[in-house]
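Q: The lines below spell out each chain.
2 protein chains.
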Amino acid sequence: MQLYNYFRSSASYRVRIALALKGLDYEYVPVNLPANEQMGESYAAVAASRLVPLLKDGDKVLTQSLAIVEYLDETHPQPPLLPADPVGRARVRALALDVACEIHPLNNLRVLRYLVHDLKVADDDKDRWYRHWVETGLASIERQLAGHPSTGRCCHGDRPTLADIALVPQIHNAQRFACRLDHVPTVMRVFEHCMTLEAFAKTQPSACPDAR
Amino acid sequence: MQLYNYFRSSASYRVRIALALKGLDYEYVPVNLPANEQMGESYAAVAASRLVPLLKDGDKVLTQSLAIVEYLDETHPQPPLLPADPVGRARVRALALDVACEIHPLNNLRVLRYLVHDLKVADDDKDRWYRHWVETGLASIERQLAGHPSTGRCCHGDRPTLADIALVPQIHNAQRFACRLDHVPTVMRVFEHCMTLEAFAKTQPSACPDAR
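These protein sequence lines are chains A and B, in that order. The first sequence begins at 0 in numbering that gives the first Met the number 0 and counts up one residue at a time. The second sequence begins at 0 in numbering that gives the first Met the number 0 and counts up one residue at a time.
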């Protein structure tokens, strides 16, 4: 398998964690987003979406990080990344989507660029925007984790699931942009536990081949 | 079952379509987003996320539209809303996430409000922002649908899947905001086919009890 990704892309980090949890080897293919490599001809020939991450599994081309993680879970079932029961699966997927639909899309590179270059938003206001969506989005996740009977050392029980795979990269981004995190103690407890696990630690942005 | 939703929320419309495809009855509970009802005490007591849609199935509370649709598909398997094979499932999920992560989050009500009220973006620029993400996001989906051997009358084959459930509400929004759509002929062909199906037509925003 070949993973096209960028060290700082949190959606890429999700897939790296999943591959590590499954114990799967892959070739790391860096795509330099700040240099707009994803829009170049050679990447566009692989990726109709022109987004990272993208996983090639033989002749199959897979996109969208959460869809890739579900694919890996279906094709390599051990260890499972979703609970066995439909209600638990729905909770884990909803937590992952709380990151992937409510926080991350507002703060990725192309959106921040549009704010600054097209809407002429000042840098301070752009940073305020970034922190607003991270802090309110994580507060929503905190309300869903804190005191919930299914929350364990991880978001759902004591083993990592799709929810942790989405949450942990978002916290890395939040720390990088100096977001407030003292209002989400359960989120941070889960994050700190996950970072003690090799699959999360060895795939983090700073450990990637293209890290600068 | 009770569905908390808002007629114009495209994420709500996704769940209405899925419930209709499955032939499931439910109570329609309107939550008035422009009046901020989702932030009120009575809704917050039900919804830790303070977002719509939310589905109550007995004592189970389910959030995030795509997670709800997957839950309905797992608990009521007929007709299936995902293909049987992992690669097909990944394609359908990725197309749905292309709407749910790349287009819709940038254009929902609270984001548009933040642009105008907090960042003081002019109305014209806000509309330009809206159309930019719709038009570039749909162009990406067009590239993935056009000429792909799995694309049929619907996004994947001839029966509606999660991909159509995500795409059709986005087109309703695009039309409402006068976005360009002549660059996505395959998307529009799929949209027009889906709108001939009762499950999509009878649940559309204008047909909802709270439509104004």
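Hints should not be assumed to be uniformly reliable.
[To be verified] Heads up, simulated EDC-like pairs for lysine to aspartate or glutamate below, C-alpha to C-alpha not over 20 Å straight-line:
no.	chain 1	residue 1	chain 2	residue 2
1	B	Lys-125	A	Glu-40
2	B	Lys-55	B	Glu-26
3	B	Lys-119	A	Asp-117
4	A	Lys-55	A	Asp-84
5	B	Lys-59	B	Glu-73
6	B	Lys-21	B	Asp-157
7	A	Lys-55	A	Asp-24
8	B	Lys-21	B	Glu-73
9	B	Lys-55	B	Glu-73
10	B	Lys-125	A	Glu-141
11	A	Lys-125	B	Asp-126
12	A	Lys-119	B	Asp-122
13	A	Lys-119	B	Asp-123
14	A	Lys-125	B	Glu-73
15	A	Lys-59	A	Asp-84
16	B	Lys-125	A	Asp-84
17	A	Lys-125	B	Asp-157
18	A	Lys-125	B	Asp-122
19	A	Lys-119	B	Asp-181
20	A	Lys-119	B	Glu-73
21	B	Lys-55	A	Asp-84
22	B	Lys-119	A	Glu-26
23	A	Lys-59	B	Asp-123
24	A	Lys-55	A	Glu-73
25	B	Lys-59	A	Glu-73
26	A	Lys-119	B	Asp-117
27	A	Lys-55	A	Glu-40
28	A	Lys-55	B	Asp-84
29	B	Lys-119	A	Asp-122
30	B	Lys-125	A	Asp-124
31	A	Lys-59	B	Glu-141
32	B	Lys-119	A	Glu-73
33	B	Lys-59	A	Asp-124
34	B	Lys-119	A	Asp-123
Hints in this document: simulated from the structure, not taken from any laboratory. None of these values were measured; they are calculated from a predicted model.
Q: Hints the structure violates: just list their numbers, smallest first.
A: 1, 4, 10, 14, 15, 16, 17, 19, 20, 22, 23, 25, 32 and 33
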